[in-house]
Amino acid sequence: MLLRGCVLRNTEWCFGLVIFAGPDTKLMQNSGRTKFKRTSIDRLMNTLVLWIFGFLVCMGVILAIGNAIWEHEVGTHFQVYLPWDEAVDSAFFSGFLSFWSYIIILNTVVPISLYVRWREGGPSARLRWGPQYPGVPQPDLPLPCSVEVIRLGHSYFINWDKKMFCVKRQTPAEARTTTLNEELGQVEYIFSDKTGTLTQNIMVFNKCSIHGHSYGDMFDLLGHKAELGERPEPIDFSFNPLADNKFVFWDPSLLEAVKTGDPHTHEFFRLLSLCHTVMSEEKDEGELYYKAQSPDEGALVTAARNFGFVFRSRTPKTITVQELGSAITYQLLAILDFNNIRKRMSVIVRNPEGKIRLYCKGADTILLDRLHPSTHELLSATTDHLNEYAGEGLRTLVLAYKDLDEEYYEEWAVRRLQASLAQDSREDRLASVYEEVENDMMLLGATAIEDKLQQGVPETIALLTLANIKIWVLTGDKQETAVNIGYSCKMLTDDMTEVFIVTGHTVLEVREELRKAREKMLDASRTVVNGFPCQEQLSTSKLTSVLEAVAGEYALVINGHSLAHALEADMELEFLETACACKAVICCRVTPLQKAQVVELVKKYKKAVTLAIGDGANDVSMIKTAHIGVGISGQEGIQAVLASDYAFSQFKFLQRLLLVHGRWSYLRMCKFLCYFFYKNFAFTMVHFWFGFFCGFSAQTVYDQYFITLYNIVYTSLPVLAMGVFDQDVPEQRSMEYPKLYEPGQLNLLFNKREFFICIAQGIYTSVLMFFIPYGVFAEATRDDGTQLADYQSFAVTVATSLVIVVSVQIGLDTGYWTAINHFFIWGSLAVYFAILFAMHSNGLFDMFPNQFCFVGNAQNTLAQPAVWLTIVLTTVVCILPVVAFRFLKLSLKPDLSDTVRYTQLVRKKQKAQHRCLRRVGRTGSRRSGYAFSHQEGFGELIMSGKNMRLSSLALSGFTTRSSSSWIESLRRKKSDSAGSPSGTSDKPLKG
Amino acid sequence: MQKTSQSSPSRRPDNTAYKQQQLPACRVQLTASRVLLCFFATGLSCLAMGIVLLLSAKGIQEVEINYTETCADCAALRENADNFDKECSCSIPFNIPQAMQGDVYMFYKLYGFYQNLYQYVLSRSNIQLVGTDVKHTDGCDPFATLNGTPIAPCGAIANSMFNDTIILSYNFNSSEDIKVPMLNQGIAWWTDKYVKFQNPSFNDLPSAFEGTVKPPSWSQPAYELDADTPENNGFTNDAFIVWMRTAAFPTFKKLYRRLHRTQHFTEGLPAGSYSLHITYNFPVTKFHGEKSVVLSTLTWSGGSSLFLGLAYTVTGAVTWLAFFSMMAVYVTMEKRI
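One line per chain: the protein sequences are E and B, in this order. Note that full-length UniProt numbering has the first sequence beginning at 1, numbered continuously upward. Note that full-length UniProt numbering has the second sequence beginning at 1, numbered continuously upward.
Chain E on its own, in the form it takes in the complex:
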């Protein structure tokens, strides 16, 4: 039976039968439920709509009371000219009807039409939209519709972005939902998978140090260290017919050393070609395939192969190596296998001359202690190199050898046999036997392997960190691998004050470890913040406030089993506080469900937007749980992509998605909403003021057609164009100044405060929009003596100034005037006047005298200088305070985007200074990475020869009788060492 994550080796094909699939599988059970995702702006909008609705009811009540009073005081006496309806028997009832009429008139402030308009055939003709205007459609406010159009546009921009197109895989970025775009501009936490997302899962032999000489740096022609991007040609391995042409190395001096026959270099590569558990397969002559158990080993053996030490084949007792053209067969005496405690492996071989030699490779911390004292000088040189490599985020291994006497080996082999046959504590005994022989070794050198990150990962992470986005890595990998990757993608740095590692197995241990971590952070901040009151009692509320302001940079690494305890209800808050105080958090050996739980935890307690990014099926639950799920369309199938909201093929595109598209989306959406509320309040509130002058009789200020067309024709397209195209700073700037991202996280551009400012601006505009024409019209007459202050002229004047004012306002709000913006803004104004004159034309009146009773109004009213003076005055008075306010804000309290725009203006021609990410060249803490994705047990397997394919087996004395026993033993060992139910998969599943 092959479980998920199994890798078939040494076979070309097999028959398969899927027997257990569907919703009950572990994978599906782990994937979590799909929820409908909404953005925080959507949720805010719901609240705001309720508030606005409340506001609407308040206005209705005020006007209804006004109507009741008016009818009582004036209306009753006015019945000579306008008797009450039969249904209306008292001022109170009239007020009641007026309430509903006003609710209908003023409902244009509510962005979502929640109720069906009451048209034609109400209980009384008092209600609005009586029989006078039959058939005029009452427009729904197009807010939800416009929001969707804008989001759709943004999604298309994501799909179309060629900078998020992966040439290698021919995949463009894909926005799979159109509802979450603006949330991309508010992300505060990123939860990332490791393998396939941050790393390519490819190991590359990058550098090495041989006998105190470091190889692998790239030099340009002048001998300076070459930077990335200006690489010279890689060295040519064509002399070696067996070379793997995918392998590239840039330092020709190493090849030189091999060719000149430097014994240390030869020994170095000999070790690499002998000391491993790789299986080889030679399909055709010279066409070698290595089946390495961990990619690290594969990389090392491939490196040796290319430098002329080709591992060709092995049998349980021999290893055949083609050394610089000549095949040499070594007798394999023993494999001292790898395990997590030993962190090294050795082989003991006898060369054709009969000399017995032990080759050992392993973690530097372990191996450097076991060297012969005579290698002291070499040791310090190598240590320097190791530090250098580690600083570049490479995984290092130290290589050493030791010559063994024949007699000593014989005697040792006997002891080893005894140990391996021991009944009790066999492992310990073997370990001590191994330890005895791996001593006083001679140092050969060190290798540095690059766990190849996806392109641009460290830069992306650094940029996102600068944008104040916290990145948590949730991986199924082992702790060491995860930490290593943390360093190489610059999440963890050596500048960090401390990296806390939580590995406790019990609740108490985990709690204790978390507590210690917090105390340490508190102690540190206490020394910084002078005289901070000492708290013995770590109360939760105080903790939060203190931990927010922790000084120094910390990181937290937590293990899967500890995480299980940390996520329990009574400890989750402690865990969250600790984790959030840290700059970087790495959770290793976590199950898919735990990934989702971590995301859920942050979602629950932090009012922050979370984003989960992953590529595999094990990330699906996390992707579904987070506010935004991003799928990497990579090698690991498409489950993640299918569950995601956005999909692309490289992690580095995340920075563009967030910092450019997300930021813009958020900015545009906020500007759009602000303007939308502004224009509707400015439009609607005029009715409210007019109510005080028309006996609260629910008379509208505007022509019926204007009300119908205002939102859908006159003002919709300019704001839509702004919502789709607006940019505050060019995209390069948002990458250069990641801090520009912060307003989104802090929710600064559209929140309740901004909403009230928009509303206030709208109401202010409506006041002027009503009272300035009122002031002018109250006394004035036209220039031919006829009445100016007739209702229709007033309606046209107010409507015209409203359209002009909101157009000027959108012009002010638009920061990026494309041809489309020009077209829409000028076009809207033109359309307004065209429609106005058409509606007021004689022709339409002749056809429908009852529908178009504003005949002649436009040309008569708009020919009056007083009307135009009024319109101009209204515009000036409405707009200038806004300009003044913005200008003062710009000069007194400019935000970053203002500053960026300003500086850009100043040095428009100057080339902007790019803030490059420096390559870290300092000494780093050493991280030895020997085969951390490596499992114990393969040495034994090889020595037993049981996994050799019969065709490649020189000895055929093995029967198939015990073919299952090695699998059993391997499986047992795996589960022992991993402490997790499934070992081979680097994404363990926990049931």
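Please keep in mind that the hints were generated in silico from the structure rather than gathered at the bench. Where hints are given, some of them may not hold.
Result set (PhoX-like, lysine-lysine): computed pairs, CA atoms no more than 20 Å apart in a straight line [as the list claims (entries may be wrong)]:
| hint | chain 1 | residue 1 | chain 2 | residue 2 |
| --- | --- | --- | --- | --- |
| 1 | E | LYS624 | E | LYS37 |
| 2 | E | LYS37 | E | LYS606 |
| 3 | E | LYS889 | B | LYS19 |
| 4 | E | LYS607 | E | LYS168 |
| 5 | B | LYS335 | E | LYS893 |
| 6 | E | LYS35 | E | LYS583 |
| 7 | E | LYS607 | E | LYS752 |
| 8 | B | LYS335 | E | LYS163 |
| 9 | B | LYS335 | E | LYS162 |
The hints should help you fit chain B onto chain E, whose structure is shown.
Coordinates of chain B only, in the frame set by chain E:
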């Protein structure tokens, strides 16, 4: 790779300015110079405009005679609707201290008359008024029909038409009263007179209105509104058209007559004593309204719009104030940097 991208259509997004959000555009920014210049210019033009408007408004001469109190007897009589057929008139002498040069217009001004009530505004039939169907009274409630006969013109607006008669006399040489010649035509919009309001097409007007009754508050039918000029009758009567153009606010003035500049009045109204002879028909005291007569001259921008001039001046002044304070803020900020 080359081959595949050639054979199958590439999924690479188009490199167009539109799709890459690189459309050529102008980035608008509020720079100090622009804003300050804009404020300065706006302030200047507003101030100038304000002063021009104030000066021209100052040239307007206006006399308003409120006759609600003066004709209190008639008002009391009209409070009772039963006395509609009793004639009542009053005379109001007044003085014009300074000659009113040029065209002089006579307005009636109503206070507290709500011509903008929702139902009032709706209560008319444009189909009837355009002459297509004189019996069309849809939407004229509550003045659509009288005992089953359609009212022409129907509706609350028409019914409440202002029907006082105002005659202005000039006390020439302090002995002889001359009736000031006034024109009652040319006081409505051209579009109203010739498009919006049409009489039914019959040879004689009374037969055109056959089968309809006059509005209940009217003393004579629509075709007898102007006894002197036969063509100024029916729906196309100027005074009627003026009334039908409903006012936006409860206090409004409507043009009643224009001065006919003949005889003594070619230069306008000379200074001296005048009197108004008012036939009081229109009740206003019932709803606490008031009536007055306004005599006024006009300027290029129309009637007396002191508000507009003041508003412009204040706006200009405030804009300049803002300009100077913003300048100060800007200069201090620049210094600090």
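Each hint, compared with the structure:
Among the hinted pairs, LYS624/E with LYS37/E is consistent with the structure: their alpha-carbon atoms are about 9 Å apart, no more than 20 Å. For the suggested pair LYS37/E and LYS606/E, the alpha carbons sit about 17 Å apart, so the restraint of at most 20 Å is met. Proximity of LYS889/E to LYS19/B is assessed by CA-CA distance (about 34 Å); at most 20 Å being required, the pair is judged violated. Among the hinted pairs, LYS607/E with LYS168/E is inconsistent with the structure: their alpha-carbon atoms are about 38 Å apart, more than 20 Å.
At most 20 Å may separate the alpha-carbon atoms for a hinted pair to count; LYS335/B and LYS893/E meet this at roughly 15 Å. Simply put, LYS35/E and LYS583/E have alpha-carbon atoms about 29 Å apart, too far for the 20 Å limit, and the pair is violated. At most 20 Å may separate the alpha-carbon atoms for a hinted pair to count; LYS607/E and LYS752/E meet this at roughly 15 Å. Taken as a hint, the LYS335/B and LYS163/E pair is broken in the structure, with Cα atoms around 42 Å apart against an allowance of 20 Å.
About 45 Å separates the Cα atoms of LYS335/B and LYS162/E, which puts this hinted pair outside 20 Å; it is violated.
The structure does not agree with the numbered hints 3, 4, 6, 8, 9 stated previously, though it agrees with the rest.
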